[in-house]
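Given next are the chains, with one letter for each unit.
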Amino acid sequence: MRVGLMVPCYLDMFYPQVGIATLELLEKLGVQVDYPFDQTCCGQPMANSGAHTESAATEELLVRNFADHDYIVAPSGSCVHHVRNKFTAAEDTPQRRHVSSHTWDLPEFLCDVLKVEEFPWARFPHEVALHVSCSAIRGLYQQSMSERPNDPWFSKPRSLLEKVDGISIADFDRHDECCGFGGTFAVTEEAVSAAMGNDKLQHIGASGARYIVSGDMSCLMQLQGCAHRDREDFHFLHLAQVLNGDAE
Amino acid sequence: MKSVDQARNALAFLEDEAHERAFDTLIWGLRERRDAAARDVPEWEELRTLASQIKEHTLSNLGQYLEMFEVSAARNGATMHWARDAHEHNQIVYDILNSHGAKHLVKSKSMLTEECDLRPFLQRRDIEVTETDLGERIQQLDDQPPTHIVGPAFQKTPQDVAELFYRVYGSDPDRADPVYLAQVMREHTRPLILSADAGMTGANFAVAATGAIVTVTNEGNADLSGNVPRLRICSVGIEKIIPGNDELAVFIRLLTRSATGERITQYTSHFRKPRAGSEMHIVLVDNGRSARLADERFWPSLKCIRCGACMNTCPVYRRSGGLSYGGTYMGPIGIITMPAADIRRYRELPFASTINGSCSNVCPVQIDIHEQIYQWREVMDDHGQFSTTKKAAMKVAGKVLSNPTAYRAAAESGLAALRVLPHFALYMRLNAWGRHRDVPAPPNETFHRWYARTRGRAEGDQP
Amino acid sequence: MSARDDILTAVRDGAPAPQPLPQVPDFASGTSDLVGPFTAALARLDGKVVLRPPAGILPWLSTTFPDAHRICSAVNEVHGNVTPAEFSDWAAPADIDVLIMRTPLGIAETGSILLTENEVGVTTAAVLAQHLVVLLDPADIIENLHHAYRHPAFQDAAYAVLLSGPSGSADIGGITVHPAQGVTTLTVVLAPRDNDTAEQ
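Protein sequences, first through last, are from chains R, U and G.
The first sequence begins at 1 in this note's numbering and counts up one residue at a time.
The second sequence begins at 1 in this note's numbering and counts up one residue at a time.
The third sequence begins at 1 in this note's numbering and counts up one residue at a time.
Worth flagging that the hints you see were computed from the coordinates, not collected in a lab.
Each hint should be verified, as a subset may be incorrect.
Unchecked claim - EDC-like, lysine to aspartate or glutamate: derived pairs with alpha carbons at most 16 Å apart:
(1) R:K28 <-> R:D246
(2) R:K86 <-> U:D368
(3) R:K86 <-> U:E378
(4) R:K86 <-> U:E371
(5) U:K273 <-> G:E117
Claimed, not checked - Have a look at the derived ranges for each label pair, beta carbon to beta carbon:
(6) R:S144 <-> U:D126: 51 to 61 Å
(7) U:E32 <-> G:T31: 20 to 30 Å
(8) U:N98 <-> G:R150: 40 to 50 Å
(9) G:S62 <-> U:R33: 33 to 43 Å
(10) G:A139 <-> U:A291: 50 to 60 Å
(11) G:R150 <-> U:D172: 48 to 58 Å
(12) U:D95 <-> G:D5: 11 to 21 Å
(13) U:R33 <-> G:Q23: 29 to 39 Å
(14) R:L29 <-> U:A12: 44 to 54 Å
(15) G:T31 <-> U:R39: 11 to 21 Å
Note that CB positions come from ideal geometry on N, CA and C, so glycine has one too.
Okay, chain R solo, but in the shape it has when bound:
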């Protein structure tokens, strides 16, 4: 089983600790992980802006980097959603299809492939709010969505987090409403974006939780930006960091 690690551009540049935690976690679980050094980005920044042609070369580079891997794992729901479901700028080759259908977000890989039952090296005796991104919920179906109230409840990220010793997971209102990041939306519609981020922090804050955990660092970046500005006392951690035992 050849596993390739994808570390998205924004994690590479701003949150390398998330990539490190993901690599270390997979290795603790007995996985031998490749890191194709020439990887850059999934193409989402251009594609989501409608600049389809401009994202083709970036997408094709990703295909070349990961064409020979059986599993491609990334700690980012939005990037995995893009690669799996929206990878249409790249030329439609067998390699492209292979990469699209073999890319996993970290929680999915841990639940469905490795079927992890425990994280004995991790301990997190705090109350946390788990924010699951819209990409993870409505793009990758990692958690049942509030829009479909008759579906049976399930959550892959939550089921993993619950296995961490000492942890307590708080419930909060409007739990799967979008955090307001949306890529370039955060810049082009910054007032609405910030209002959405602040509202989410308010709902989380009302639950009493001060640790916010997510499988998507882009959401956390958005919430972190809103929190710091208003001098609010939250701590932000990627799911990989908690499961890897980085934090305590």
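Starting from the known structure of chain R, fit chains U and G onto it as the hints suggest.
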């Protein structure tokens, strides 16, 4: 022609914090009630699938169903008219009214007539028009378009309405009591309904097999507008046709639950034949619908049954307000339909979205709204609707991100990397991110650097 | 080419590939108690259900609507002081205080009753009257809308309305108020048909 600056309109909306909070709370409440209604119907998802399939079947056979409807309506004694566009629609309506000497028209809510801008057209030709839907009438009195397709005046608080009624009717400005205000409206509008020369309604559905026009109201104002006067006109978008009563049941079960969380409205009315001594005119309107039908990406938007669920759930709509979209339709459905009418004017709308997908999952007819929004972005690029700076920024980003060495060099240079990513786009004022948020601080080394340093992998080494 | 021809040509030329029409099930749950759900559903939109008053409808009317002067009855079993045949035009029922009619159909799912021109010739009376009283035989309650739309009473009516509560609106601040433009109260009286005898 200037494009609608939805972001700037949204900022203005947000600056009135009290109104924005009240609006977001009210509209989210509708979403919650919709969820409760769906929970009560074990077959909810099956109904959504049926509704979607029925609409897709009907739209893909639309010519046949329009002709079937025409035959049924003629058999019932109704008169059919056809309008290619808004102007033809307005002219037909005027001609019907004028040929009967009608000077005063009462009408129930119809987004189609908003689309056609009917009221000003008639008013310029000396025909007085009175809206009978409470929310629509409030907006008419305030000279504002509807802000939500189900509750046109949802952006107004009871206090706002009290002040408006004081200005128009001289009622008590300090009684912000909805019961009192509804009574004020009833007292002023009822006489107008009873004495009107003609009545007009829209149609929620038009049933091909029976020729019936179906309206769904809480007030009963469509029944009054349609049945009191002897001359009655019905404006129907061609996409409103459904095959028969079996299919109608599916939509009636879904519509109100999706809109407000109630199982049905107080008046669900089926008009088939004009009563003796009266005339019923039905105007079938195209106004861009056949063009949309021919678009293989966007034709599913024609399935829409105007429930408003998409805008209720949309976190952007709730914080921007309905007027921010600058068009007849607002929120997610507005984003995917307005640009077809005027691509330049509405070129920013597809970007007034985080593509979170909530809308598609509440839509009772399973329109893939968020995916269509995403595709509209590409259309905007293809049609040259991007500014030159945005285009240039995308090219730069695409070049850097597809070149591993160039990318690593840019990424290593810390803050300069912010300029590469379109997230922190070159075509925007760079400090826009920082206006309401703090900018993330670049770390000491990138993951690439860390990996090369600790795992001994040098640049250019392939596994 | 006429507008009609242009439109029909455009929709034919542009139509997507034909999709089949699905078969709609009737979603019957086989529940036997329909009065309970009907009453609860009607109450959601502020309608009321009462059992047939043992002393008769007219005495019940005077206590329930003490200020009502013009009472229009569309049923043989109750005599009011106005009959529907007396309406000169369709705006005339505006001064009716109470309209009494019998409905052929009630729907448990939604708390709706059916009104067509067969029940009340001048159907605007059911919207313009201040109060509406509807006699409903419990045996005429059916389960859901799928059944309703197949019911014979529905099929040939020139005008058919499913009434599910008094006229209301939530357009002001999302707060529901009664009435808006239609009736102020809606009361359904559960009264089997063949128990009816004319009341003076």
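Here's how the hints hold up against the structure:
1. Between the alpha carbons of K28 (chain R) and D246 (chain R) the distance comes to roughly 13 Å, so the proposed pair stays at or under 16 Å and holds.
2. Of the pairs offered as hints, the one joining K86 (chain R) and D368 (chain U) holds, with about 14 Å between alpha carbons and a cut-off of 16 Å not exceeded.
3. The suggested pairing of K86 (chain R) with E378 (chain U) holds, with an alpha-carbon distance near 12 Å, which does not exceed 16 Å.
4. Pair hint K86 (chain R) plus E371 (chain U) holds up; C-alpha atoms about 10 Å apart against a cutoff of 16 Å.
5. Restraint check for K273 (chain U) and E117 (chain G): the C-alpha separation of about 11 Å stays at or below 16 Å, so the hint holds.
6. Restraint check, S144 (chain R) to D126 (chain U): a C-beta distance of roughly 58 Å satisfies the suggested window 51 to 61 Å.
7. Distance hint check for E32 (chain U) and T31 (chain G): the Cβ-Cβ separation is about 27 Å, which falls inside the suggested range of 20 to 30 Å.
8. For N98 (chain U) and R150 (chain G), the Cβ-Cβ distance of about 42 Å falls inside the hinted range of 40 to 50 Å, so the restraint holds.
9. As the Cβ distance of S62 (chain G) to R33 (chain U) is approximately 38 Å, the hint placing it in 33 to 43 Å holds.
10. Separated by about 52 Å at the C-beta atoms, A139 (chain G) and A291 (chain U) satisfy the suggested range of 50 to 60 Å.
11. For the pair R150 (chain G) and D172 (chain U), the beta carbons lie near 50 Å from each other, so the given range of 48 to 58 Å is met.
12. With their beta carbons about 19 Å apart, D95 (chain U) and D5 (chain G) fall inside the hinted range of 11 to 21 Å.
13. A C-beta distance of roughly 31 Å is found between R33 (chain U) and Q23 (chain G), which places it inside the suggested range of 29 to 39 Å.
14. Checked against the given bound of 44 to 54 Å, the beta carbons of L29 (chain R) and A12 (chain U), roughly 51 Å apart, stay inside it.
15. The beta-carbon spacing between T31 (chain G) and R39 (chain U), approximately 18 Å, falls within the hinted interval of 11 to 21 Å.
Checked against the numbered hints above, the structure breaks none of them.
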